[in-house]
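All chains, please: the whole structure from these sequences, using the hints.
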Amino acid sequence: MTVAAEIERCFRAEHGRVLAALLNQLGDFPLAEDALQDALVNALERWAIDGVPHNPGAWLLTVARRRAIDRLRRAETLARKLVILETLDSQEEPAMDDEIPDERLKLMFTCCHPTLALEAQVALTLHTLGGLSTQEVARAFLVSEATMAKRLVRARSKIRNAGIPYCVPPAELLPERLDALLAVIYLIFNEGYVATGGDIPIRHELCSEAIRLAHVLVALLPPQEPLVAEVRGLLALMLLHDARRETRLDAAGELVLLQEQDRSRWDQAKIREGIAVLDEALTLRHPGPYQVQAAISALHAEAPTSAATDWQQIAALYHTLAKLVPSIVVEVNRAVAVAMAQGAAVGLPMLLRLADQAADFYPYHAARADLLRRTNQYEAAADAYAQAIALCGNSAERAYLQRRLDELNRCMG
Amino acid sequence: MKYMLLMYASEAETPQYTPEEQQAIAQAWYAFGQEATAAGVLLGNNGLTSVTDATTVRVRQGKSLLTDGPFAETHEQLAGYYLLECQDLDEAVRWAAKIPLAQYGSVEVRPLNVWSQKA
Chain A
1 MTVAAEIERC
11 FRAEHGRVLA
21 ALLNQLGDFP
31 LAEDALQDAL
41 VNALERWAID
51 GVPHNPGAWL
61 LTVARRRAID
71 RLRRAETLAR
81 KLVILETLDS
91 QEEPAMDDEI
101 PDERLKLMFT
111 CCHPTLALEA
121 QVALTLHTLG
131 GLSTQEVARA
141 FLVSEATMAK
151 RLVRARSKIR
161 NAGIPYCVPP
171 AELLPERLDA
181 LLAVIYLIFN
191 EGYVATGGDI
201 PIRHELCSEA
211 IRLAHVLVAL
221 LPPQEPLVAE
231 VRGLLALMLL
241 HDARRETRLD
251 AAGELVLLQE
261 QDRSRWDQAK
271 IREGIAVLDE
281 ALTLRHPGPY
291 QVQAAISALH
301 AEAPTSAATD
311 WQQIAALYHT
321 LAKLVPSIVV
331 EVNRAVAVAM
341 AQGAAVGLPM
351 LLRLADQAAD
361 FYPYHAARAD
371 LLRRTNQYEA
381 AADAYAQAIA
391 LCGNSAERAY
401 LQRRLDELNR
411 CMG
Chain B
1 MKYMLLMYAS
11 EAETPQYTPE
21 EQQAIAQAWY
31 AFGQEATAAG
41 VLLGNNGLTS
51 VTDATTVRVR
61 QGKSLLTDGP
71 FAETHEQLAG
81 YYLLECQDLD
91 EAVRWAAKIP
101 LAQYGSVEVR
111 PLNVWSQKA
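First to last, the sequence lines map onto chains A and B.
Just so it is clear: in the first sequence, position 134 is 134 by this note's numbering, and no numbers are missing.
Just so it is clear: in the second sequence, position 49 is 49 by this note's numbering, and no numbers are missing.
Please keep in mind that the hints were generated in silico from the structure rather than gathered at the bench.
None of the values given here were measured: they were computed from a predicted structure.
A hint or two may mislead.
[Stated by the list, open to error] Incomplete in silico selection of chain A near chain B, CB under 8 Å: (1) T115; (2) N161; (3) G163; (4) I164.
We put the CB at the ideal spot given by N, CA and C, even for glycine.
Pasting the structure below:
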C-alpha cells in the first residue's frame, strides 16, 4: 500500500473515535470537526515524512486539541470560547501513546438525535462515524458536494446551538433512541443494497459501513443489555442480505429474484457469521422485528436450493412479525409465503383480503399477478402486472415486472 | 440553556368547551405552571389574545405601514410562550410535551441566541 493510501485508510478507521473523544472535551461539534480537519492536514504533511505513528488515533487527538485551542484564541465571538479555553488549559495534554477513550456510543446517539432531519442523521453518521468524505457521502445520495457540505454544517451547528446533549440517552429514552439509531443504520444499508445504477463501489461501501457500525454498536453496548438483541438482529439481517449481494443483479444489471439466484455464489462465510450473530441475539430472550427478519433471511440462506426452502417456517415467522410490526408489507409477504407453503389457491384469498389497504402498493399487485398466473387466471394476472408496473418506482424491478408481463402475453398468444 | 417555547394552535378550530371542560383545562395549565416553577425552570410566560387583535408594523422607506392582523396568514397562530431554563434540548422537549396545547397544537422549542443566553 502506498503511503498516501495507508494514511487515508488510517484516517477512515480513526475518524469516529477521535472525533468522539474530541467532542467530549470540547462540547462544540463544529469546532471539533474543524479542529480534526486541521489535524488531518497536519498529519498528511508529517506522516508522509515520518511515517504513520505508532498510535495514530492519539496523535490525531492531541494535535486536534491544539488546533482547537488555536482556533478559539483566534475566534471573534467571546461568548463560548472562554469557557472551553479554560477547560482545555486546565487539562493535561494527553500523551501521544495513551489509549484514547472510546466515546463513540455518545457520538452515535448524538448523530441520530430525533430533532435532526433524517437525511441529516444519515449524512452525519456516515461522515462522522463512517469516516466517509463529504464527497463520498454526496455521491452516495446523489446530491452535489456543496449541498452535502451545507447539510453537514447545518446539522453540527444545530447540535451545538440547540443544546443537543452529548451523552448516551437515559434508560427511559434508550429504547426509542436505539430504535432510531438502528433505523438510520438500516437505511444506510438499504441505500447501498437496494439502489440500482449510480456508483457501484459506493453502494458496496454503504453496505459494509452499515455492517461495521452495527458491529461497533454491539461492541460498545453492555453485553447483557437486553436491547442488544435487536442490534444483533439487525447485524445478522444485514450480513445475511449482504451474503447474496453478488447474485442480486445479473450481468446486464437486471434484477434476479431470490428463487432464481445462483446459490453457489452466495458468501457462505457471511451466512455463517450472520447465523452465529442471530443465535447470540436469541440467547438474550428479547425478541424483536430485526431478529425475526433475520430468522426469515437465515431460512432462505440455509436452503441449498430454492425448492428446499422451509416456506412453512417462513410463513410462521411472518405471522410473528405481523404481530410485532403490523404493516401491509409484512402481510403481503406472509400471504406469498403461505402460497409457497400451501399452494397458490390458499395464498391468493389471503392476499386478496388486503386489497383495500394495499391498493397503492406495487408489491401487492406483483404478488397478486404471480398467484393469479399460478392459478391460471391469465388475463387478471396481466392486468395486475400492469398495475404493479404503473406503481413501481424502481427501474430494475419495473423491468423485471415488464418481462413477466411480456412472457404472459406471449403465453396467452 | 434558555429556551423559548412558542405555542401555536389553530384559532379557527378551537372547540366550544363546556364549563366543566373549561375548568379541567384551566386546572391543567395551572398544574403545568406549578410543576415548572417547582422544578426551577420557569423564567416567564404569557398568553396572547387572538390574532384578530393584532397589528403588524413595517417601516419601509421611512414610512410606517400598518396592517390589521398577524405578520402572515398561517394555519396555526401564536397563542403564547414559556421561557425556560433547561439543562439541554432533551429537557426542554420533555417540558414542551407536557404543555396542554401540545395535545392539539404545536410547540416550537427554540434556544435564545448566544447573547441572550447571558442575561
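Next on the checklist: Which constraints among the numbered hints does this structure fail? Numbers only, ascending.
Outcome noted: Nothing - there is no hint that the structure violates, so all of them hold.
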